[in-house]
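Using the hints, put the two chains back together into the complex; each one sits in its own frame.
Chain by chain, the residues:
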Amino acid sequence: MFKNASFENEIYRSMEKNLVSNQVETKYGFKRLAQVVDYLNAAAEIFDQAGMTEQAKEVTEVLQGLAQQFSSKTS
Amino acid sequence: MAKNNFQDELMLGMQQELQPYEKKQGMGNLVKAAEYLHAAIEILEEDGLTANADQILRILGKLATSEDVNDVASSKKDVDFYNKIMRWLEDPATPVDPENPQPNEELSFTSLKDVPKEKPVEEELQFTSLFDEPEPTISNEDMVFKSIANELGLIDSDPEEVSDSESLFDDKFTRSDNSTGDWFDDQMPKSSPGTWDEDLLEADIPEDSLEITENDLDKTFEDSD
Numbered sequence: 114m115f116k117n118a119s120f121e122n123e124i125y126r127s128m129e130k131n132l133v134s135n136q137v138e139t140k141y142g143f144k145r146l147a148q149v150v151d152y153l154n155a156a157a158e159i160f161d162q163a164g165m166t167e168q169a170k171e172v173t174e175v176l177q178g179l180a181q182q183f184s185s186k187t188s
Numbered sequence: 000m001a002k003n004n005f006q007d008e009l010m011l012g013m014q015q016e017l018q019p020y021e022k023k024q025g026m027g028n029l030v031k032a033a034e035y036l037h038a039a040i041e042i043l044e045e046d047g048l049t050a051n052a053d054q055i056l057r058i059l060g061k062l063a064t065s066e067d068v069n070d071v072a073s074s075k076k077d078v079d080f081y082n083k084i085m086r087w088l089e090d091p092a093t094p095v096d097p098e099n100p101q102p103n104e105e106l107s108f109t110s111l112k113d114v115p116k117e118k119p120v121e122e123e124l125q126f127t128s129l130f131d132e133p134e135p136t137i138s139n140e141d142m143v144f145k146s147i148a149n150e151l152g153l154i155d156s157d158p159e160e161v162s163d164s165e166s167l168f169d170d171k172f173t174r175s176d177n178s179t180g181d182w183f184d185d186q187m188p189k190s191s192p193g194t195w196d197e198d199l200l201e202a203d204i205p206e207d208s209l210e211i212t213e214n215d216l217d218k219t220f221e222d223s224d
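Which chain is which? The protein sequence lines are A and B, in order.
According to our numbering, the first sequence holds residues 114 to 188 in order.
According to our numbering, the second sequence holds residues 0 to 224 in order.
Chain B with its partners taken away, still in its complex shape (with noise of 0.2 Å):
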């Protein structure tokens, strides 16, 4: 065996050995070459460099879709993160969780007002109007109070007579044929009808009486009459 062959077959080998493992290696740290390109994006949008920053996020885009990815993932949590990310490019407006939704993702539900109704069950409610009832009849017997005060002899004349109240005031004080008009004058004896003031002022009042003496001041009121 020649010495130049051996060494090729061990350095071609060799490099069949390192080459997967390097790859390996390599794929191990994409998660760090996408938070590299991700810090540069945000370092470029910052300066106003927005068509690279662009051109950064396709390519990060494109490391998201890429099958290799999967190939890289060490765990199933690795999976399952990769495949929430390919979902929400798929379509970021949906939730990812459905049951746990985050801001501003969207939620659709379908209306219940659409929903068709059933056919409501045919059934009849029947009422009867108390208005139509006739009004009950009043038979003469239920009136029989009004005759018996008459049949007790309580009431010697007819009771609407009696109890009319503007009647008997007008009795009590009708004025009489002598009346003069004047309440105070009806009050007065009726011998010499409208001259008792005369009367008086004719009157004969003995001076005596009026005056009054020093005998009068020892008097009290007791001792008058």
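Pulled out of the complex, with its shape left as it was, chain A reads as follows (with noise of 0.2 Å):
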């Protein structure tokens, strides 16, 4: 069925990528930060629906804030 070197090899990857991805959680908050996006996104959407596009442009704003601040720290 499996080749055990393979087998192998496939829980050790899935390991390395959860380990490492726990690490950049805590280490940047990376899925609160999306939820944040994605809350925010939902927002301007709604406001750009209803035509009120200033609040739209801020909400947008903020976003680009915020990706330029992780980009910055990731780096």
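Just to be clear, a hint being listed does not mean it is correct.
If you want the footprint, here are the derived chain B segments under chain A, 3+ residues with CB under 8 Å [said to hold, decoys possible]:
1) 27 to 41
2) 58 to 64
In silico DSSO-like cross-links for lysine-lysine, where the CA-CA straight-line distance does not exceed 30 Å [claimed, not checked]:
3) A:LYS144 - B:LYS76
4) A:LYS170 - B:LYS31
5) A:LYS140 - A:LYS130
6) A:LYS170 - B:LYS61
7) A:LYS170 - A:LYS130
8) A:LYS144 - A:LYS130
9) B:LYS76 - B:LYS61
10) B:LYS83 - B:LYS31
11) B:LYS83 - B:LYS61
12) B:LYS61 - B:LYS31
13) A:LYS144 - B:LYS61
14) B:LYS76 - B:LYS31
15) B:LYS83 - A:LYS170
Here are some of the chain B residues that sit facing chain A, going by a computed Cβ distance under 10 Å [to be verified]:
16) GLY12
17) GLN14
18) GLN15
19) GLN18
20) GLU21
21) ASP46
22) LEU48
23) GLU89
24) SER128
To be clear, the hints were calculated from the coordinates, so they are not data collected in a lab.
For each residue, glycine too, the CB sits at the ideal point set by N, CA and C.
Here is the structure:
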């Protein structure tokens, strides 16, 4: 069914992936940040739909600011 | 009528119809948008990104103060709610409902202490002091009981002399001129004063009376004199 070597490698890779993602999450909080971005994006869409372009622009500016902050942090 | 023109007209008409519908739908979702922004603010504050949180808060504030919100409100309840928020934004310290104040709200009261007092009614109460009254004088008729005893002859001499207990004591226990100074000596017969003890010593007592014989043993106390 499975080759032993490939099976071990698969477990090894998945574990490594989990560990790295956990480390990144604890260090930068990307999941929470992603949640914030999702919320802001949804709000901006609603404002846009309602014709409140000014508010939508401001929300997108906040999103831009967040992106700049985290790109400078990670680099 | 050209086919292209007809198509364009139809398209423009449909667009005009759709745009307000979308707008209305979007305005209906404004509450949802506000909730999203609020959730985003909470997360950003927890992560210490206060600058971004303040930015979003400002957007929320503008949203609350914008007139469009009143247009979106579908019911009177929503209008009241937004009006309450508007009032709260103007002065967050004042209570929303003065008759039902909530914690952290401020209520102001005017002090009754500063209310000007009415002038007091000018009334006077007069009292007369009991200390200034003259003392009642005692007439001679009140002292009659003193003289009645003398008039009835109940007291021979002056009552003051009779009632003197000290003088009575002295009369009873005053020593005579023959007193030896000893009370027992004074009680003894005065025939031979100061010699009764000497008489006793010199008295002749027969020796027989002091001896006890065998006959005397039979005698009882009843037999003796």
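The hints, checked one at a time:
1. For a cut-off of 8 Å, the count of residues in the stretch 27 to 41 of chain B with a CB near a CB of chain A stands at 9, and the three-residue condition holds.
2. Given a C-beta distance limit of less than 8 Å, the hint that chain A covers the stretch 58 to 64 of chain B holds, as 3 residues qualify and 3 suffice.
3. Note on LYS144 (chain A) and LYS76 (chain B): the hinted pairing is violated, with a Cα-Cα distance of about 37 Å set against a maximum of 30 Å.
4. A distance of roughly 18 Å separates the Cα atoms of LYS170 (chain A) and LYS31 (chain B); the hinted pair therefore holds under the 30 Å criterion.
5. Our distance criterion of 30 Å between C-alpha atoms is met by LYS140 (chain A) and LYS130 (chain A), whose separation comes to about 15 Å.
6. Straight-line distance between C-alpha atoms of LYS170 (chain A) and LYS61 (chain B) comes to about 13 Å, which keeps the hinted pair within the 30 Å bound.
7. Only pairs whose Cα atoms come within 30 Å are accepted, and LYS170 (chain A) paired with LYS130 (chain A) is rejected, the gap being roughly 37 Å.
8. A hinted pair counts as satisfied when its Cα atoms are at most 30 Å apart, and LYS144 (chain A) with LYS130 (chain A) qualifies at roughly 15 Å.
9. With a C-alpha separation of about 21 Å, the suggested pair LYS76 (chain B) and LYS61 (chain B) falls inside the 30 Å cut-off, and the hint holds.
10. Restraint check: the Cα-Cα separation between LYS83 (chain B) and LYS31 (chain B) comes to about 19 Å, which is no more than 30 Å; the hinted pair holds.
11. Simply put, LYS83 (chain B) and LYS61 (chain B) have alpha-carbon atoms about 15 Å apart, close enough for the 30 Å limit, and the pair holds.
12. Pair hint LYS61 (chain B) plus LYS31 (chain B) holds up; C-alpha atoms about 16 Å apart against a cutoff of 30 Å.
13. With a C-alpha separation of about 29 Å, the suggested pair LYS144 (chain A) and LYS61 (chain B) falls inside the 30 Å cut-off, and the hint holds.
14. Pair hint LYS76 (chain B) plus LYS31 (chain B) holds up; C-alpha atoms about 17 Å apart against a cutoff of 30 Å.
15. A hinted pair counts as satisfied when its Cα atoms are at most 30 Å apart, and LYS83 (chain B) with LYS170 (chain A) qualifies at roughly 27 Å.
16. Hint on GLY12 (chain B) is violated. Least Cβ distance to chain A is approximately 19 Å, over the 10 Å limit.
17. Against a cut-off of 10 Å between C-beta atoms, the interface hint on GLN14 (chain B) is violated, since the closest Cβ of chain A lies about 14 Å away.
18. Because the smallest distance between the Cβ of GLN15 (chain B) and any Cβ of chain A comes to about 14 Å, over 10 Å, the interface hint for this residue is violated.
19. Taken as an interface hint, GLN18 (chain B) checks out: its beta carbon lies about 8 Å from the nearest beta carbon of chain A, inside 10 Å.
20. A least Cβ separation of about 6 Å between GLU21 (chain B) and chain A falls short of the 10 Å threshold, and the interface hint therefore holds.
21. About 6 Å separates the beta-carbon of ASP46 (chain B) from the nearest beta-carbon of chain A, less than 10 Å, and the hint is met.
22. Checking LEU48 (chain B) against chain A by beta carbon gives a least distance of about 8 Å; that is within 10 Å, so the hint holds.
23. For GLU89 (chain B), the shortest C-beta to C-beta distance to chain A is roughly 21 Å, which exceeds 10 Å, and the interface hint is violated.
24. About 89 Å separates the beta-carbon of SER128 (chain B) from the nearest beta-carbon of chain A, more than 10 Å, and the hint is not met.
In summary, the structure is inconsistent with hints 3, 7, 16, 17, 18, 23 and 24 from the numbered list given earlier, while agreeing with the others.
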